[in-house]
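Listed below are the residues making up each chain.
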Amino acid sequence: MILHPAIVALLLVSLLTTGMTLYGAYFGIGIMRRWNLKSGSEGQLALERRTYLISTLLAYVLIFQVGSLFLFVQTAESLHNQFVGAMCAAGSLNVDPYGYPAFLLKILNVILAGLWLIINHVDNGAHDYPLIKKKYALLLVLAPLFLAESVVQTLYFLELKADVITSCCGSLFSSEGNGVSSDIAAIPAKAAMAGFYLSFGLTFVLGGIYWFKGKLGGLFSFASGLFFLVSCISLISFISLYFYELPTHHCPFCILQREYHYIGYLLYAALLTGVVSGLGVGVLMPFAGVGSLAGSLPLFQKRLAMVCLVAYLLFTGIAICRMIGTDFTLG
Amino acid sequence: MARWIEKYRSILDFTLSSLVRRKGKNLSLLVVYVLVVFMLGSAMFLTEAMKREASLVLKGAPEMVIQRLLQGRYDPIPMSYLEKIRGIRGVISAEPRLWGYIYDSAIGANYTLMVPRNVALPSGEIMIGNGISRRRMIYSKDMMSFNLSNGSSRVFTVRDVISPESELVSADLVLLSEGDFREIFELPSTHATDLVVKIRNPKELVTVAKKVMELLPDTRPIIRDEMVRTYDSVFDWRGGIVTVLLMMALLAFVILAWEKASGLSADEKREIGILKAIGWETSDVIAVKAYEGLLISFFSFTVGILLAYGHVFFFSAALFAPAMKGWSVLYPDFRITPFVDPYQVAVLFFLTVVPYTVATIVPSWRAAIVDPDSVMRS
Chain A
1 MILHPAIVAL LLVSLLTTGM TLYGAYFGIG IMRRWNLKSG SEGQLALERR TYLISTLLAY
61 VLIFQVGSLF LFVQTAESLH NQFVGAMCAA GSLNVDPYGY PAFLLKILNV ILAGLWLIIN
121 HVDNGAHDYP LIKKKYALLL VLAPLFLAES VVQTLYFLEL KADVITSCCG SLFSSEGNGV
181 SSDIAAIPAK AAMAGFYLSF GLTFVLGGIY WFKGKLGGLF SFASGLFFLV SCISLISFIS
241 LYFYELPTHH CPFCILQREY HYIGYLLYAA LLTGVVSGLG VGVLMPFAGV GSLAGSLPLF
301 QKRLAMVCLV AYLLFTGIAI CRMIGTDFTL G
Chain B
1001 MARWIEKYRS ILDFTLSSLV RRKGKNLSLL VVYVLVVFML GSAMFLTEAM KREASLVLKG
1061 APEMVIQRLL QGRYDPIPMS YLEKIRGIRG VISAEPRLWG YIYDSAIGAN YTLMVPRNVA
1121 LPSGEIMIGN GISRRRMIYS KDMMSFNLSN GSSRVFTVRD VISPESELVS ADLVLLSEGD
1181 FREIFELPST HATDLVVKIR NPKELVTVAK KVMELLPDTR PIIRDEMVRT YDSVFDWRGG
1241 IVTVLLMMAL LAFVILAWEK ASGLSADEKR EIGILKAIGW ETSDVIAVKA YEGLLISFFS
1301 FTVGILLAYG HVFFFSAALF APAMKGWSVL YPDFRITPFV DPYQVAVLFF LTVVPYTVAT
1361 IVPSWRAAIV DPDSVMRS
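Residue numbers (this note's numbering), protein chains in the order written: chain A, 1 to 331; chain B, 1001 to 1378.
For the record, the hints were derived by calculation from the structure and aren't laboratory data.
It cannot be assumed that every hint is accurate.
Pair ranges (Cβ atoms, derived) [as the list claims (entries may be wrong)]: (1) A:K134 to B:S1374: 32 to 38 Å; (2) B:N1110 to A:Y23: 53 to 59 Å; (3) B:G1279 to A:C321: 33 to 39 Å; (4) A:C321 to B:P1202: 34 to 40 Å.
On the chain A side, residues computed to face chain B include the following (Cβ under 8 Å) [unchecked claim]: (5) A9; (6) L11; (7) T56; (8) L246.
All of these numbers come straight from a predicted model, not from anything done at the bench.
We put the CB at the ideal spot given by N, CA and C, even for glycine.
Okay, chain A solo, but in the shape it has when bound (with noise of 0.2 Å):
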């Protein structure tokens, strides 16, 4: 293991997050069992009282996980010094088999995070709160992802082991093998401009139609979905190549750093944006039917849609400008 500040503070983050996710998801269990506001009853009442401080607390791990996020992918960042062949993050991820798995699982929980924190706002505007044992039900799936991303968090700084020269031989650790692969692997710049326009399009499209018919609502969703894995591989595909000028560097990282104005991190936290927004949506169609959240849902829901449809503007804006204005083509 490295003994690194910023380790030491994603450790303790994740300790935090986890343990506040698992104390909101045992008291789901107990919401599911006996929630009844019928009931004027004691319990009921310290119930009502406790969901404060869940929703409190979820709000406080979304932002820290968002955090986490990026201080995660800073820190790959500021390691790749250390072990032989890594270039940027992309290497220090791939120094052993925890990294991406502790990158993907910090994405999926912000979003999941985020969800969660949309389902509460509707549900605390109602008066009778028609979801909340939903809600508990979804904090219950959180919990156990919030583990798993402490758990392989934590393996992956465990097995990190800087190669530093020792007594016996300098050389030695640079000649075994070739060092950690710093590659990602992309599909073809062609294929993924096709995709990444066509989702795109579609996208507004279909959040055209349901801002003004509200119709479509669950396609929509589904294809911010779509649209979020698709930029993200766009991102590596081609995107970023026009950020480095460089035919061969398919890093989701660099752009983060300094070198590239931070671009990335306004580019990330659109993308994030985007797809919780988008998501939320699809996650709110179910509940149209609930009578006391007819007034006020169809109008959230086009709310959301539309700072999802901001958001990917801004961020295939980015894009595309970056893309016009360098003089970098891809031949």
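Following the hints, put chain B in place on chain A, whose structure we already have.
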């Protein structure tokens, strides 16, 4: 939207005024908070700055150094190895280096003796680093003696003091001629301390290193990248150890924050009771408490970071330097180049503000759920 902003502006307004009303209670927390940020921040800034200095120094290091090992320890290397290494394809040049350590009992420090490769000093003359000059109060044209390996001693004239700009690497340095060096250590002319190798294509470094190991099995080639990695991990490790040690302080701080947040006075309880009675919701009170924490964090974090910055970059981290710099006696006296990047600030934020915030969630919720009826009655 405007109503929403108006609502939170009022809550923020209320939070600020209630914080100011309870200056005394929050002051002790603020002091400890600032102190925690200051200590962790100093350790981190210093580590990063040292890493940076080391990497700047190592930029000028040779691409590859070859040492000879004997009985698992490093040993002078025969000059005859030079020809063999020069014969490896891809090697531009291979040169011997002469350097060693000598102990000076007068000040209890080790000096690094080195024969410079680019200038030839006349026999009997030396150049000394600023650290030695300062400690021994020896300057240009003064005399300085060294104990030889055979027990006798020899006097040298100081030709010049090396400029203080390079003090980080030259504080304990003594430059002298090859003949004098060999005389002091009784090193035969057939041997050198180690060899430095220049290689045409950096991609071939590892291949050349492998060939050297095959050709001369009793040597170890060290590549510059390995030195960089080693320094990085040593400094990271030191920073990490200090962080782990400070975790105890952090824990104590978290407990203090928890206690402070849960110990509501009767006045505060009544205040919250009244707010709820006039229509505030539980979530509004939680928001007030969250803002309170946010303001305290913002203030302490900013002050703590500024203090840490001043401590490390203006006062050369006087409190932590012995732990971070190493165990040399002749410390270089240098002012670290100010360097802080957003990443370090983020790490510091996660180490201090996040635990504090978490510690206050449950107490603020407890405060927010008080029953207005029972509070106002009591």
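Right, here's what the structure says about each hint:
1. A C-beta distance of roughly 33 Å is found between K134 (chain A) and S1374 (chain B), which places it inside the suggested range of 32 to 38 Å.
2. Checked against the given bound of 53 to 59 Å, the beta carbons of N1110 (chain B) and Y23 (chain A), roughly 56 Å apart, stay inside it.
3. As the Cβ distance of G1279 (chain B) to C321 (chain A) is approximately 49 Å, the hint placing it in 33 to 39 Å is violated.
4. A hinted range of 34 to 40 Å for the beta carbons of C321 (chain A) and P1202 (chain B) is consistent with their spacing of about 36 Å.
5. This hint holds: A9 (chain A) has a C-beta 4 Å from the nearest C-beta of chain B, less than the 8 Å allowed.
6. Because the beta carbon of L11 (chain A) sits about 10 Å from the nearest beta carbon in chain B, more than 8 Å, this interface hint is broken.
7. The interface hint given for T56 (chain A) is met, as the beta carbon of that residue sits about 6 Å from the closest beta carbon of chain B, less than 8 Å.
8. The criterion of a C-beta within 8 Å of any C-beta in chain B is not met by L246 (chain A), whose closest approach is roughly 17 Å, and the hint is violated.
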